[in-house]
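Number of protein chains: 2
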Amino acid sequence: MPKVIICGAGLVGALNACFFARRGWDVEVYEFRDDIRQMEHVPGRSINLALSCRGKSALEAVGLKDYIVEQGVKMYARLVHNQDGKTTNRQPYGQPGEHIVSINRRHLNEVMITQAEEYDNVKFFFQHKVRRMDMKLGVVIVENFLTAEELFVNGDLILACDGAHSAIRRSLMAFPQFNFSQEYIKHGYIELNILPKDDKFALEPNVFHLWPRGDFTVIALANTDKTFTTTLFAPFELFEKRMGNDKDVVQFFSEYFPDALKHIGEPALLETFNRVKPQTLISVKCEPHAFAGKVLLMGDAAHAMVPFYGQGMNCGFEDCLVLSEILDQCKDDVALTLKTYSTQRCRDARTIIDLAMYNYQELKDLVNRKSYKLRKKFDLFLNKWMPNTWVPLYSMVTFTRTPYHEVVEIRKWQDQVLRRTFNVTLLAAAVGGAFSVAKHFKLF
Amino acid sequence: MPKVIICGAGLVGALNACFFARRGWDVEVYEFRDDIRQMEHVPGRSINLALSCRGKSALEAVGLKDYIVEQGVKMYARLVHNQDGKTTNRQPYGQPGEHIVSINRRHLNEVMITQAEEYDNVKFFFQHKVRRMDMKLGVVIVENFLTAEELFVNGDLILACDGAHSAIRRSLMAFPQFNFSQEYIKHGYIELNILPKDDKFALEPNVFHLWPRGDFTVIALANTDKTFTTTLFAPFELFEKRMGNDKDVVQFFSEYFPDALKHIGEPALLETFNRVKPQTLISVKCEPHAFAGKVLLMGDAAHAMVPFYGQGMNCGFEDCLVLSEILDQCKDDVALTLKTYSTQRCRDARTIIDLAMYNYQELKDLVNRKSYKLRKKFDLFLNKWMPNTWVPLYSMVTFTRTPYHEVVEIRKWQDQVLRRTFNVTLLAAAVGGAFSVAKHFKLF
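Top to bottom, those sequences are chains A and B.
Position 402, counted from 1, in the first sequence is what numbering that gives the first Met the number 0 calls 401; the numbers after and before it change by one each time, with no gaps.
Position 27, counted from 1, in the second sequence is what numbering that gives the first Met the number 0 calls 26; the numbers after and before it change by one each time, with no gaps.
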C-alpha cells in the first residue's frame, strides 16, 4: 500500500489521517505537541469555530458529521447589539432552518484523532516536530523531542498540514516559481468568556452575536456548556491607546459594549486583559500548493485567512475532501492528483482569502448600513422565490459546495442583472413619467 | 567603536562595507562565494547593469563615482528596432546630455571590495555561508565552508545584504507582523552576446537597444570591450513552445529579431540555448525592513524587483546612502536609525517595485504605442521649458534622488493638470466651434 506522511495533527492533519486511513494507505502523522487528549490546557488558536456545509461534507465522508454536529450549537442568524444594549437588527443567515454550527476546536480535534487511530494502518507520533523538507533527498526532517533524535521520514505523498507558519512551506520558499505572500492585518483579538447565568445561557444561544462599532467589533458564539466564547477584534493601536490599563479597559467596554460587559463581568475582563496580549491575524496566499509531484500544502499552510467569513476550517476540511475526490478520479495516481488539485484549489483558495478580507470590512461596519441590509433582504427574498437561480453570496459560500471561484463569478452575474434591472426600471419610470406629463398637458 | 556584521559581499554588501569602513566602525563581511577577484567564472546574476543618479550618488559618497563611471558606456536614448530591422524610433532618456551608464557587475563588485579592504577596520570572510539569524540569541549563524565549522557572530548592527532569497529574511518569516510577498513573473530571460565587428561595436554603443515584440522583448547594452550583453525576455511558455529545439530557436529569431540574429550569429545563439535554461525573475516586497532595533534588510533582501526600470541596483545603492544619512542625523543611535530608515524606505521600496512591474508592461509593448510616444515627447517638451516644475516620471526616477514615493505623487499631480488642461482645451474648442457655426449662419 502507498504511504502518506502527514505533517501536523491539528484539524486538517487529523482529518486527512481519517481520509487516508479509510483509503487503506499507510499513514504516519507527526505532531510537535503532546497528544491533546492527555493535555490539561491546549495553548494557541481560538476556542470555537463555525462549521458549515463544506466542513460538514468532509466530516460526512469519514462518518463523523452527525456525531460532531450533535455536539455543537446551531446558529440561525446574526444578532446585532446596538451601543444602547438593544438588539433590533436580526439577520437570518439563509432561509428558515439554514444554520451554521458553533463547535469546540479541541473536542473536534480529539474526536478525529481517536477516529483515525482506530485503523491499524495509522500511526501518530506526538512530540515530533517537523523541522523542514529536504527537496533534494525528498524527505521530511523531524525532531523527536523525547530523544532529541533527528529522523528522515519519507512516503509516496507528503501532506504539509503544519499551519499558517508551516515549516514545510518555509523550506519551499526558494522553490522555482513559488509565489507567496503573508499579510498581517491591523487588528488583533482577545478572547473573553461569558459564563452561564442561573445555569442557563446568558444570551440567546442560537444566534451569532455581533457588536459592530466601526473599526472594532465584539462577537460571541455559544458553547454546549452554556458559556459564550466572546472575542474582541480591534486595531493594535486601539488596544494600546484605549485599553492600556485596568481603568481604561473598563471604561472602553462600558462605553461601547455595556451589555456585553455586564455578562462578562469586570473582574473576569481584567483578569483576561492582564494575562493575555492581543493575538495577531494573518492572511497567507501561495501558489502552487503542490511540489515535485509529491508534496502538498493543505489547510492554513496553503491558505491562512482572516476569520471574518468563518471559512478557515471549512476550507481546510474541504481541501481533504477535494483531495480524496481527485485521488478517486485519478485512481490514486499521486503526481496527476497533485497537479489537478493544485490548479483547482489555488484559484478557490485565493478567492475565499479575498472574500474573508472583504468581510473584514463588512463585519466591522457594513452590517449597520441600510444599503447592505437592503441587499441582504432582497437577496433572501429572490432566493425564496428562485431557490435554484438566485442564491446569495453568503449562502453559496456557507450552505453549498459551489467552488469558491464560481461563487464570485455568480455574484458578478447577479450584480449585473440587478444593475440592468435597475436601469430598465429607471427608464420605464422615466418613460412612464414622460407619458404622464404629456397626457397632463394633452400633448397627444 | 561599534561593530557591524554584513551578510553578503555582493553589490549592496560591498558598498555598505565601504560606507562603514569610512565611518570607522568595525566591519565583518560574510560571503558564501569565494573572493570573486580570484574566480575565473562568476555564476549567477546578469552581467551588466544601468547605473543612474541614485547609484552614482551613493558611489560618490564613498569616493568611487568618477572611477566607476569612466569604466562604463553612456547611454542617451532608447533605440527601438522594428521587425524589419529598421530603427526609426529613438527615445531620448531626458534632455540632451542626460544619460545612464552601462557597467559590468563583476568589475563594480571587485572595485568596491578592494576599496573597503583598504581600511584596517574591515574584514571579509569568503566561503562563509550565512545560514540564519537566531533572534532569541541575537546572533547570525554562519557556516565556514573551509572548516565546516558553525560560527555565531554578533555586532551592534546586522545588515542582511544576502539577496532576493535572503537566509536572514527567511529566519524572520515568523517575526510578529512581518508582511512579505514574493512573486515570480511569467517571463524568464536568457543572456546572449553580440561580439565586436572588425574590432568595432557591431551596433551604435551609446543607446539602449530595444526590440519590443508585444509579449517578448530583446534588449542590448554595450560593454567597454565592445561587446553587447543581449537579453531575451519571454514567457516561459513561449520558451517551451517556440524555442524547444535548434530549428525552432533559429526560426524564432529569424522571424522576430532578424537584425539581432545577424549580429549574434546562429552558432553562438544555439550554443547558449543548449547550455543555459531561461532564468526566473522575482519581485519581493516586505515590511518592516528593520527588526528588534538591530537587524536591517537591504538591497534585494528587502526589495527584489523585476529589472524593467533599471532601478534594482540603484535602489540598493541608495539604501546604503540613506542609511548613512540617517545614521548621521541620529548620531549613530542604531535603534532610532533603523526605525526611521524602515518607515521611510519601506514606502519608497514598495513604490519602485510597483513602478518596475508597471514598466514590465511598458517595455514589452507600450513603447510602440502612439499615445505613449506622444506623452513622452510632450513631457520632455514641458521639461525643457519648465525644468524645475515639470520633470517626467522616468527622469525623476533616473536623474534625481526625489524619494520614489514622492515621484509617484508628483506624477499624479501632472496627470491631473493634463486632464484639466485637456478638458479646458476641449471646452474652448467646443465654444470656439459654436461661435464659428453661429457666425457662419449669421446668428449674431
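Don't read these hints as lab results, they were simulated from the structure.
Check before you lean on any hint, since a few could be wrong.
It does not matter which identical chain is meant; a pair holds if it fits inside one copy or across any two.
Stated by the list, open to error - Below, a list of computed lysine-lysine pairs in the DSS-like style, where the Cα atoms sit at most 30 Å apart: (1) Lys122 x Lys383; (2) Lys284 x Lys199; (3) Lys246 x Lys122; (4) Lys64 x Lys284; (5) Lys185 x Lys293; (6) Lys338 x Lys284; (7) Lys196 x Lys375; (8) Lys284 x Lys135; (9) Lys73 x Lys261; (10) Lys438 x Lys122; (11) Lys261 x Lys199; (12) Lys338 x Lys240; (13) Lys185 x Lys411; (14) Lys261 x Lys411; (15) Lys293 x Lys73; (16) Lys199 x Lys128; (17) Lys369 x Lys338; (18) Lys284 x Lys185; (19) Lys338 x Lys276; (20) Lys225 x Lys284.
To see whether the hints hold, each was checked on the structure:
Proximity of Lys122 to Lys383 under the C-alpha cut-off of 30 Å is found in neither arrangement, the shortest distances being 48 Å within a copy and 76 Å between copies. Taking the shortest alpha-carbon separations for Lys284 and Lys199, neither the intra-copy value of 42 Å nor the inter-copy value of 51 Å comes in at or below 30 Å. In the homo-oligomer, the alpha carbons of Lys246 and Lys122 never lie at most 30 Å apart, since the shortest distance is 51 Å inside one protomer and 55 Å across protomers. Within a single copy, Lys64 and Lys284 get their C-alpha atoms as close as 29 Å, which meets the 30 Å cut-off; across copies the closest is 42 Å, which misses it.
In this homomeric assembly, Lys185 and Lys293 come within 30 Å of each other (Cα to Cα) only across copies, at 24 Å, whereas the closest approach inside a single copy is 36 Å. Taking CA atoms no more than 30 Å apart as the test, Lys338 paired with Lys284 passes in both settings, with 18 Å inside one copy and 28 Å between copies. In this assembly of identical chains, the alpha carbons of Lys196 and Lys375 never lie at most 30 Å apart, being 33 Å within a copy and 73 Å across copies at closest. Both within a single protomer and between protomers do Lys284 and Lys135 lie at most 30 Å apart by alpha-carbon distance, with minima of 25 Å and 28 Å respectively.
Taking the shortest alpha-carbon separations for Lys73 and Lys261, only the intra-copy value of 24 Å comes in at or below 30 Å, while the best inter-copy value is 74 Å. In this homomeric assembly, Lys438 and Lys122 never come within 30 Å of each other (Cα to Cα): the closest approach is 84 Å inside a single copy and 95 Å across copies. In this assembly of identical chains, the alpha carbons of Lys261 and Lys199 lie at most 30 Å apart only when taken from the same copy (15 Å versus 87 Å across copies). When the C-alpha separation of Lys338 and Lys240 is checked against a cutoff of 30 Å, the pair qualifies only between copies, where the shortest distance is 20 Å, while the shortest distance within a copy is 49 Å.
Proximity of Lys185 to Lys411 under the C-alpha cut-off of 30 Å is found in both arrangements, the shortest distances being 29 Å within a copy and 27 Å between copies. Proximity of Lys261 to Lys411 under the C-alpha cut-off of 30 Å is found in neither arrangement, the shortest distances being 43 Å within a copy and 51 Å between copies. Proximity of Lys293 to Lys73 under the C-alpha cut-off of 30 Å is found in neither arrangement, the shortest distances being 39 Å within a copy and 50 Å between copies. For the homomeric pair Lys199 and Lys128, neither the shortest alpha-carbon distance inside one copy (42 Å) nor that between copies (63 Å) is at most 30 Å.
Neither within a single protomer nor between protomers do Lys369 and Lys338 lie at most 30 Å apart by alpha-carbon distance, with minima of 45 Å and 43 Å respectively. Within a single copy, Lys284 and Lys185 get their C-alpha atoms as close as 18 Å, and across copies as close as 18 Å, so both meet the 30 Å cut-off. For a Cα distance limit of 30 Å, the shortest separation of Lys338 from Lys276 across copies, 23 Å, qualifies, whereas the shortest one inside one copy, 41 Å, does not. For the identical chains of this complex, Lys225 and Lys284 are neighbours neither inside a copy (36 Å) nor across copies (46 Å), given an alpha-carbon limit of 30 Å.
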